[in-house]
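Produce the entire structure from the sequences given, and follow the hints as far as they go.
If you want the building blocks of each chain, they are given just below.
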Amino acid sequence: MALTPALSIGPFVRLKLRISRNGLRGRPARIVMFVLGAVAAGFLAIFGYAAFATPGLLDSARSAEVLFPFGGALLVFGWFLMPLLFFGVDDSLDPAQFALLPLPRRTLLAGLGVAALIGLPALATLAATAGMVDTSARLGGPGAALAQLLGIICGLLLCVAVSRAVTSAFATALRSRRARDLATVLLAVVAASLGPAQLLLLGLLDQADWRSVQLIAEVVGWTPFGAAWTVGLDVAGGRAWAVPIKVVIVLVAVGGLLWWWSRTLERAMAGAATAGSRRGSAVTRADGRGPVDQLLFRWWPRSRFGALMARETRYWWRETRRRAALITLGVAGVFLPLSTAFGSGGSGGRGLAVLVGAIAPIGLANQFGYEGSAYATNLATGIPGRLEVHSRAAAHALFTLPMLLLVALVTGLLAGGRPESVPATFGMLVATYGVGLALVLPVSVRAAYALPDPSTPFALSSGGGLGKALPSLGAMVGAIVGSLPVVLAGYLLGPAWLWLGLPAGLAYGLAAYLVGAHLAGGLLDRRMPEVLAAVSAR
Amino acid sequence: MSIPAQRPPSEGGTAAMSLRGLVKRFDSRLAVSEVSLEVPAGSFYGLLGPNGAGKTTTLSMAVGLLRPDAGQAVLLGYDVWQSPAEAKSLVGVLPDGVRMFDRLSGPELLAYHGLLRAMPADVVDQRARDLLDVLELGVDNRTLVVDYSAGMKKKIGLACALLHAPRLLVLDEPFEAVDPVSAALIRDILQRYVAGGGTVVFSSHVLEVVERLCSHVAIMSDGVLRMHGPLAEIRGDRSLQDVFVQVVGGRVATGSELAWL
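Read top to bottom, the protein sequences are chains A and B. Reminder that position 320 of the first sequence reads as 320 in the numbering used here, one-by-one numbering, no gaps. Reminder that position 251 of the second sequence reads as 251 in the numbering used here, one-by-one numbering, no gaps.
Possibly wrong hints are sitting among the right ones.
[Unchecked claim] Here are some chain A residues the structure puts well away from chain B; computed CB gaps all over 12 Å: (1) A61; (2) F80; (3) L123; (4) L149; (5) V219; (6) G255; (7) R289; (8) R302; (9) S303; (10) L308; (11) I327; (12) A374; (13) G521; (14) L523.
[Unchecked claim] Beta-carbon label-pair distances, calculated as ranges: (15) L514(A) with E38(B): 42 to 50 Å; (16) E38(B) with S303(A): 35 to 43 Å; (17) G197(B) with L406(A): 53 to 61 Å; (18) P485(A) with D222(B): 54 to 62 Å.
Hints in this document: simulated from the structure, not taken from any laboratory. Think of the CB as a built atom: it goes at the ideal place given N, C-alpha and C, for glycine as much as any other residue.
Following this line, the structure appears as C-alpha cells:
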C-alpha cells in the first residue's frame, strides 16, 4: 500500500477530524468528556515519559531492560483492551458505514488505519514512549536513540493494528448471540480476576528474585509485544545485531494483524446487511440419539428429578450469567487462599477458604431470576416445590462440590502447606456451603426478582441493586455465622479434628441443607405464581 | 399422576374448562373483571379481543400461571387452585410472551417436557420424534431454541403442549408470527385433535382464523367478557368482523370523515 492509497487517505483524516469536531458541537457533556479525556491522555503521556526516562537519568541499564519490555507490553495490552471496554463509544469510523462506497479494501484499510493514528490515544502513547528514546540516548548515544525512535514508531503501529483489528472483529462477532454470550462471560472473568491478579502479582514480586524477572523481561523482549520497545537498549548494550531481527518480528506481527483486520473488515461491512440471516439455521448432528438421551446423560435417572437436574445443569453452562457466576466463583475460590498465602505466609488461608464456602451459595440467591418467565413451564406442569428446590440445589452442587474440593486442595497443598488438613478443610467448606444453601434457598423463593434481558451483553441490572442484593449478602454472613460451630470445633479439637472434620462437616452441611430445602420447598408450594410474576420482566 | 391414555372419549355434558367470576387487578387497573365462561368438551373455542383486552391474563389464570384475586377455574372437573396436579396433567399450555427454557435444543426441550409430565422415556422419545418430524423442526437439530425464528419457537411450543396428549389445549396466540405454510399445518393438527375428541381454547385477534376454525367464540374487551356462544349464534347473518367491531365499540368509517383522502 505505497502510493496509490496515500492519495486517498486525506479524506479519511478530514472525515475523522470533522466527525470529532461535530460530535462536540453544542453538547457540553461531550465537551467535558473530551476535555477529561484530553487531561487523562496528557497525564498518561507525562507520567509515561517520566517513567520511561527515569532509567536513563539514573544511568541504570538494568532497570531499563526490565521496564521497557514490561511497560511496552502493558501498553499493547491496553490498546488491545481499549476497544473491548469502550466498544460502541467511538464508532466515528465504523467500517459498516463505508459498505456502500466503491472503495478498494486497501484504501479503506490505509485510511482507517491512519485515521486511528490521529487521535489522543496515539499521541499520548507516542509521547509516553518518547521517554524510551530519552533513556536510550543517555545510555547509548545517538545511535541507540535512533534505533529506539524506529522502535517506538513500530510499536505504535503495532498498538493501532491490534486495536483496529480487535474492534473490527468485535463489530462482526457481536452480531451473533453466541459471541455476545462470550463477551459477557469474558467481561465477568476480567472483572473477577482483577483483584486476585493484583494480589498475586504483588505476592510474586515479593518473592521473586531480580534474576528471574530479568530473564522473563528478556523473553518478553523477543515477543512481538516487547520487541519494538527494546531495540535502543540492544544498541546501547552492544547487541546491534538484534535490531533488524526485532524490527522484523514486530513488522511481521503488524502485517499479520493487518491481514486479519482486512479479512474481518470485509465481514464487518457486509455484516450490516446479513446480520441475523443465519437465525434458526439447522445445526445438525445425527448420531441417532433420541431426544431423551440428548437431554440426559447416560447414567442419569429417567425421571422428573433427572430432567429438572439435567436442564439445570445445562443452564449453569449455557446461560451466560450463570456461567459467569461459576467462573467468578472458581477464580475467587482458587485465588483467595493463594493470594493470602503469598501475603501472610499461609496463616489466613483457611479462614478465607470458609469465605469461599459462604460465597458459593450466592449463585442461587436469585435462581428463578436467571431463567425469567421460562419458569412458567415448570409451573404449568405442576412440579412440587421440594422437587424443584432439590433438583436445583443438586445441579449447583454438581459444579460447586468439586470446586470446593479444589479449594481445599489448594489451601492444604499450596497455601498452607499442610496436606493432612485437606479432608477436614473440605468438611468445613461443605458445612459452610450447606448452611449457606439453607439460608439462600428460602431467600430465592421469597425475594426473587427479574433480571434484565440476557440478549444484550452489557445490560446492567435495573435499579435498586443494593436492596436486591441485601438478602443474599445477609445469607452470606449468616452462612459464616451458622458454620461457626464447625469452625470453632476445628480450632478447639486440634489433631482429632483432622479425622473428625470431614464426616462432621458433611453431616452438618447436609443437615442444614435439608432443613433449608424443606422450608424453601414448602414456601415455593404456596408462592409459585407469585415467583413467576416476580421474575417475569415487564 | 398418570399419563392420560390415547385420548379417551370425552364425557358428555362436562365442561372442559369452566371459569367462574375471575377477577385480576394489577395495581389499581382492573385487568380482568368477573369473567365467567363455560367451554364445552370437544369444542374449538376462540377467544377474541383487541390488544390489552385481558385475553392473556384470563388464560393465565385459567391454567394456573397467575393467581386470580377472586373466582374459580375448573379444568375437566378439577379446580386448578385446589387440585393443581390433576388439573395440570390433563392440559397442554402454549403461553404467549413467556420465555421457554430456550437454552435447550428443540429435542432436549421436548424431552424435558415429557419427563416433567412423568411419561416413560421411550414414549417421550417416540412422540418427540413424531412431533419434530411433523412440525419440520428436525430430530437431529441441535440449534438452541433461543436461536430459532419466531415461527419455529411457536411450533416447538405447540409440540411441548401436545406431547403428553392432553385432553384440553390452551393456546395463547398460536398463529402469531407463524408463516402461512406452518399456520396451515398447525390448523390441520388442531382440527384433527378436536375431531378426535380434544378441546382447544385459543386466543387471537385475527378474525379470519377464528371464523374459519372455531365452533364457539367469546369476545373480550377492557377485561370484560362481552359476548360468548356458538359461532353461528354470535354471528347471526352478519360477518364476524361487523359483530366484533360493534361489540368492542370501535368505529366504522362512514365515508364522511377524511373526505379529503
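Hints and how they fare:
1. At roughly 56 Å, the least C-beta separation between A61(A) and chain B is larger than 12 Å, which holds for a residue marked as non-interface.
2. Every beta carbon of chain B lies more than 12 Å from that of F80(A), the smallest distance being close to 29 Å; the non-interface claim holds.
3. Consistency note on L123(A): stated as away from chain B, and its beta-carbon is indeed over 12 Å from all of that chain's, at 43 Å minimum.
4. Annotated as non-interface, L149(A) keeps its C-beta farther than 12 Å from every C-beta of chain B; the closest such distance is 52 Å.
5. At roughly 42 Å from the closest C-beta of chain B, the C-beta of V219(A) stays outside 12 Å, upholding its exclusion from the interface.
6. Distance check for G255(A) against chain B: the nearest CB is about 36 Å away, which clears 12 Å, and the non-interface claim stands.
7. Against the 12 Å criterion, R289(A) falls within the reach of chain B, whose nearest CB is about 9 Å from its own CB.
8. Taking the minimum C-beta to C-beta distance to chain B, about 4 Å, the non-interface status of R302(A) is violated against the 12 Å cut.
9. Once the 12 Å rule is applied to beta carbons, S303(A) is inconsistent with being away from chain B; the minimum gap is 7 Å.
10. With a cut of 12 Å on Cβ distances, L308(A) falls inside the contact zone with chain B, its closest approach being about 7 Å.
11. Listed as a non-interface residue, I327(A) keeps its Cβ farther than 12 Å from every Cβ of chain B; the least gap is roughly 17 Å.
12. Not every CB of chain B is more than 12 Å from the CB of A374(A) (nearest about 4 Å), against its label as outside the interface.
13. Against the 12 Å criterion, G521(A) stays outside the reach of chain B, whose nearest CB is about 15 Å from its own CB.
14. The beta carbon of L523(A) sits about 15 Å from the closest Cβ of chain B, which is more than 12 Å, so the claim that it is off the interface holds.
15. For the hinted restraint 42 to 50 Å between L514(A) and E38(B), the CB-CB distance of approximately 46 Å keeps it satisfied.
16. Taken as a hint, the range 35 to 43 Å holds for the pair E38(B) and S303(A), whose Cβ atoms sit roughly 37 Å apart.
17. The hinted range of 53 to 61 Å is satisfied by G197(B) and L406(A), whose Cβ atoms lie roughly 57 Å apart.
18. A beta carbon spacing of about 60 Å between P485(A) and D222(B) agrees with the range 54 to 62 Å that was offered as a hint.
Hint check: violations occur at hints 7, 8, 9, 10, 12; the rest are consistent with the structure.
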